[in-house]
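Chain residues, written in single-letter form:
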Amino acid sequence: MKIMVAVKRVIDYNVKIRVKNDETGVETANVKMSMNPFDEIAIEEGVRLAEAGTAEELVAVSMGGDGTQETIRTALAMGADRGIHVASDEALEPLAVAKLLKALADKESPDLIILGKQAIDDDSNQTGQMLAALLGWSQGTFASKLEFDGGHVSVTREIDGGLETLRLAMPAVITTDLRLNTPRYASLPNIMKAKKKTIDQMSPEDLGVDVTPRLTTLKVVEPAKREAGVMVETVEELLDKLKNEAKVI
Amino acid sequence: MLHLTEEQIAVRDTFARFTDAEIIPAAEAIDEAHEYPKAMVKRLADLGFVGMRYPEEAGGSGVDLVTCCLALEEVARGSMSVAACVTMQALMGTKFLEMLGNDDIRERLFKPALALDKIGAICMTEPDAGSDLASISTRAVETDGGYILNGAKTWVTSAPVADFFTVFARAGDEDKLTIFLVEKDFGGLVIGRPIEKMGVWALPTSEVAFNDCFVPASHRLSAEIGDGEEHLRKLLSEIRIATAVLGVGIARAALDEAVRYAGERKQFGKPINRFQAVQMRLADMATDLEAARHISYHAAQLLDAGAPHRKEASMAKLFATEAAARVCDNAARIFASYGYAMEYPVQRFLRDVRFTLIGGGTSDILKLVIAKELSV
Ligand SMILES: Cc1cc2nc3c(=O)[nH]c(=O)nc-3n(C[C@H](O)[C@H](O)[C@H](O)COP(=O)(O)OP(=O)(O)OC[C@H]3O[C@@H](n4cnc5c(N)ncnc54)[C@H](O)[C@@H]3O)c2cc1C
Chain A
1 MKIMVAVKRV IDYNVKIRVK NDETGVETAN VKMSMNPFDE IAIEEGVRLA
51 EAGTAEELVA VSMGGDGTQE TIRTALAMGA DRGIHVASDE ALEPLAVAKL
101 LKALADKESP DLIILGKQAI DDDSNQTGQM LAALLGWSQG TFASKLEFDG
151 GHVSVTREID GGLETLRLAM PAVITTDLRL NTPRYASLPN IMKAKKKTID
201 QMSPEDLGVD VTPRLTTLKV VEPAKREAGV MVETVEELLD KLKNEAKVI
Chain B
1 MLHLTEEQIA VRDTFARFTD AEIIPAAEAI DEAHEYPKAM VKRLADLGFV
51 GMRYPEEAGG SGVDLVTCCL ALEEVARGSM SVAACVTMQA LMGTKFLEML
101 GNDDIRERLF KPALALDKIG AICMTEPDAG SDLASISTRA VETDGGYILN
151 GAKTWVTSAP VADFFTVFAR AGDEDKLTIF LVEKDFGGLV IGRPIEKMGV
201 WALPTSEVAF NDCFVPASHR LSAEIGDGEE HLRKLLSEIR IATAVLGVGI
251 ARAALDEAVR YAGERKQFGK PINRFQAVQM RLADMATDLE AARHISYHAA
301 QLLDAGAPHR KEASMAKLFA TEAAARVCDN AARIFASYGY AMEYPVQRFL
351 RDVRFTLIGG GTSDILKLVI AKELSV
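Chains as they are written, first to last, in the numbering used here: chain A, 1 to 249; chain B, 1 to 376.
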């Protein structure tokens with residue numbers, strides 16, 4: 001089995017996000033970037049399948065501008081065999097990414113594509129679903145467990161009220177949820193080995209994909225500041241405030 | 001600021017994340033246990049920490065000192081005990097086995113030590129020979145098939161858990177410093193009880209005595225009798241720079257805690273970071289840290305480039321550890337009573353940072369080295 005994993009470079013989850021003064025987006029200059037945490041889970045799952053002998057090859061792919069290679073390199077240090085970087089300085093929307101991934105899937109013919117269920121920067125939660133639709137493949141989203149038998153994969157999904165298990169015919173698209181696995185730390189020897197692995201570079205044009213944005217961002221603003229709470233002296237005062245100020249009772 | 005390569009960033013990130021997720025939450029319990037934190041150090045070894053500076057042929061990753069320091073700084077901001085244990089294993093306890101050991105020693109002791117399946121210690125200091133290593137009096141007398149070792153060492157880090165000991169002793173007609181390897185099951189080796197220490201509680205340190213301890217000729221690591229001092233001198237710069245970086249790491253932890261606390265603690269109706277005196281203190285701490293970081297990594301870069309670095313390594317250790325001690329002291333002042341309380345980590349920083357002022361040469365000794373380099 002050949003697996004393709006999509007990874008995205010996002011602002012590190014520890015960074016306190018700041019909105020740009022001109023309200024066009026969030027500040028990314030001099031901000032620590034790292035791999036989207038759900039994508040780390042996707043890579044980890046791929047590496048485990050490779051270690052178990054279920055997968056023969058694991059290809060990590062990403063799209064974006066400067067620095068994207070660093071994120072692919074992280075995937076290689078975790079255990080992916082090689083990387084593909086689609087270089088683009090455009091802000092890539094989920095549909096454009098799904099189209100690029102489809103073009104890569106046509107080229108690489110993987111049996112399985114694993115993505116994070118969403119990226120922590122825009123929280124779109126669309127790319128995997130769109131990709132499955134474009135490819136006409138089965139999809140198992142929010143996976144918390146994968147089991148393979150023959151040409152099928154059983155996907156356990158966390159849904160409201162419990163767990164659902166789907167049995168998909170491969171090729172398939174999987175998106176990862178938090179509890180699928182705990183990603184490993186890249187070890188020093190593997191970081192050094194990753195230096196020698198190849199990352200192919202190509203452009204959206206090479207893949208024949210138009211990535212022109214279709215959405216316009218009107219404005220990005222900070223969430224409203226939470227007002228400090230007030231201490232009430234008595235239950236009567238509380239009831240009065242709930243009734244007359246908050247108007248909730 | 002220091003320009004980092006992609007691999008250096010990747011290595012730093014690995015250990016930064018490991019520190020945040022694994023070491024910091026466990027740091028207090030590790031110290032409270034007063035025991036060598038084997039499980040944690042093993043995990044660092046599995047990430048390649050111990051082999052970092054050794055060539056790939058020897059089972060390491062062959063990274064430069066800057067990369068090593070980046071990793072060390074991260075671990076030190078999590079736990080000085082853990083950082084000191086792993087530094088001892090990586091840079092000192094195993095060093096002379098890789099450099100000077102025969103195939104048997106490298107296969108049987110050095111290789112497993114990279115994965116922490118064996119633990120190494122280094123015995124230089126003696127009760128009457130601290131800064132003044134020329135006063136070492138442990139002696140090795142040649143006998144049939146080897147040497148008989150007699151003497152007492154002290155402050156031997158990791159001794160209670162060590163599988164092998166690199167020992168500096170006098171040997172030969174001229175009584176010159178020579179390096180020997182003693183394994184834990186050699187007759188005549190006695191390990192004392194761990195010394196109760198003010199800080200780095202999880203770094204067990206003991207006296208070690210050799211009572212007519214037979215060391216086979218294969219375990220004389222020195223190729224030449226009397227080459228110990230030269231080997232020691234070569235190792236010292238790296239140890240000093242590494243110790244400087246331990247200071248940088250703990251100072252970072254102390255500053256982070258102080259900045260956070262100063263924003264949360266309210267007195268006189270406002271957060272204490274609204275008071276200019278507290279702001280000044282934080283600014284001093286941040287500046288000390290920044291300078292400490294620069295002088296340390298500059299020395300590491302010189303060493304990596306093969307440029308002269310003896311003076312700069314000593315300056316780095318002197319400045320960075322003194323600066324770190326000031327930063328930890330200032331953090332404790334910002335925390336006031338809570339800096340004195342065992343339930344906050346600042347008291348631990350204050351106790352642990354003092355170890356960096358001693359190991360690798362005291363500040364006074366470093367000044368002597370620096371002055372000598374100035375040909376004073
Ligand atoms: C936690 C810990 C772990 C250690 N681990 C090890 C280990 O694994 N292996 C090992 O061999 N050693 C180890 N050491 C020992 C350490 O290397 C020595 O403590 C250090 O070299 C200083 O020696 P000393 O403590 O005997 O101080 P002394 O040499 O007795 O110094 C006392 C004071 O006199 C000053 N002084 C001495 N000589 C001069 C001079 N010529 N001019 C000016 N001032 C001077 C010093 O600066 C100091 O202030 C460890 C120490 C500690 C605290």
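Because the hints were derived from the structure by calculation, they are not lab data.
We put the CB at the ideal spot given by N, CA and C, even for glycine.
Heads up, a few of these hints could be off.
[What the hints assert, rightly or not] Some, not all, of what chain A presents toward chain B, calculated at C-beta under 8 angstroms:
#1 THR28
#2 ALA29
#3 ASN30
#4 VAL31
#5 SER34
#6 PRO37
#7 ALA77
#8 TYR185
#9 MET192
#10 ASP206
Query raised in the report: Which earlier hints can't be squared with this structure?
Result: The structure conflicts with hints 1, 2, 3, 4, 6, 10, although it agrees with all the remaining ones.
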